[in-house]
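**Q** Sequence:
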Amino acid sequence: MKRGVRQLPLRSFCARSCRSPAAARRRAGRAERAVFGRADPLVREQGKLVTKERFLEEVWRGVPVTDEALTQCIKTLRRQLGDDASNPRFIETAPKHGYRFIAPVEWVEGTRGSAMSAPSAAVGEFLTLGLAGTIGGGAAGMLGGFLYSFVATGPGMGAVSTVLVLVAITALVGVLGGAGVGFGIAVGALAPLRMGQWSILGGALGGLLVGSLVKLMGVDAFNLLFGQGPGEITGGPEGALLGGAVGLGVWLANKSSERPRLRLNVAVAAATGGAAGATIELLGGRLMAGSLHLLAQHFPTSRLHFDRIGVLFGEYGFGQVSQTVTSALEGALFGACVVGAMIYARRRRGDREKSATLTN
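Letter 125 of the sequence shown, counting from 1, is numbered 190 in this note's numbering, and no numbers are missing.
The set of hints was computed from the structure by calculation and includes no laboratory data. Wrong hints could be hidden among the right ones.
Calculated cross-link-like contacts (lysine to any residue; reagent style SDA-like; alpha-carbon spacing at most 25 Å) [what the hints assert, rightly or not]: (1) 140 with 109; (2) 117 with 146; (3) 117 with 154; (4) 161 with 135.
Generate coordinates for the entire structure from the input sequences, incorporating the hints supplied.
**A** Okay, structure coming up:
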């Protein structure tokens with residue numbers, strides 16, 4: 066009689082059976098049951114090699130785990146199926162490469178839909194990360210705008226409107242920057258092999274694209290309206306360096322643990338973003354404060370007076386120290402908000418999926 070698998074319930078089976086030992090001790094297996102509920106790439110690719118990287122990507126959704134967790138899952142699958150690793154009938158091991166489901170599979174109505182959920186899950190992950198990055202960038206822009214409006218603008222008539230205008234400008238730039246970096250990192254997350262350089266490269270390319278577009282549109286707008294440009298405001302190179310730093314923060318967050326700790330990884334992202342901001346200024350670039358200061362110098366009647374920030378550092382005017390510190394603070398704020406929003410959004414998405422799996 067031909068051996069086969071008919072309506073093999075790997076989703077519910079793995080949800081009950083496969084647990085990483087460490088997670089089982091910490092959370093009594095509840096979270097891991099939900100994660101392993103999507104362990105069906107082996108059956109979906111019956112007869113084909115499923116690499117370890119792909120298995121980890123589709124089962125754990127990019128949450129870093131050890132090889133021991135994957136090995137334990139495969140062992141549990143074999144035990145429940147009555148399989149033997151030395152003489153496999155269901156799951157065959159390709160040493161140092163991955164696994165292959167070798168038993169015949171007969172799909173019945175209602176089972177293939179769940180197995181083919183990986184593309185929709187990837188789209189959901191892409192939108193989650195991209196939108197979270199956009200929101201985080203907007204939040205960073207708003208906070209920075211409020212801070213600069215109180216430090217660099219003086220009291221008097223029109224002070225409130227000046228605050229609103231400045232916050233609106235910085236929030237818009239933050240939203241655009243967050244969208245570019247966030248969706249760039251999200252594109253990197255779709256790569257077949259989830260490696261750190263993809264999130265770094267994706268963030269850098271997204272920042273480069275948005276930074277270049279913002280500078281092009283800003284310079285053209287000022288030339289059109291006022292007949293002169295604001296000078297060398299922030300642009301593509303600055304966006305690329307800051308975006309790459311945010312991507313590094315995301316990679317470090319994913320690498321740190323199975324469930325990234327929000328506060329710790331926000332602090333790490335703030336450090337990488339702050340370092341990038343300071344580096345940008347030291348290399349002759351500009352972020353928001355430097356660009357606004359340059360803009361104010363082209364319009365003598367401007368209400369922006371960044372010289373007041375220089376006083377805090379013992380400088381006459383908005384000097385090198387002031388610009389470096391503000392650039393570092395901007396980078397830290399942007400990195401912390403974007404990465405924090407991404408971690409929080411991914412965690413909420415994972416919790417919803419776990420709840421749905423446990424309910425089913």
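**Q** Each of the hints needs a verdict: does it hold here or not?
**A** Evaluated hints:
no. : hint         : verdict
1   : 140 with 109 : holds, 19 Å
2   : 117 with 146 : holds, 20 Å
3   : 117 with 154 : holds, 20 Å
4   : 161 with 135 : holds, 13 Å
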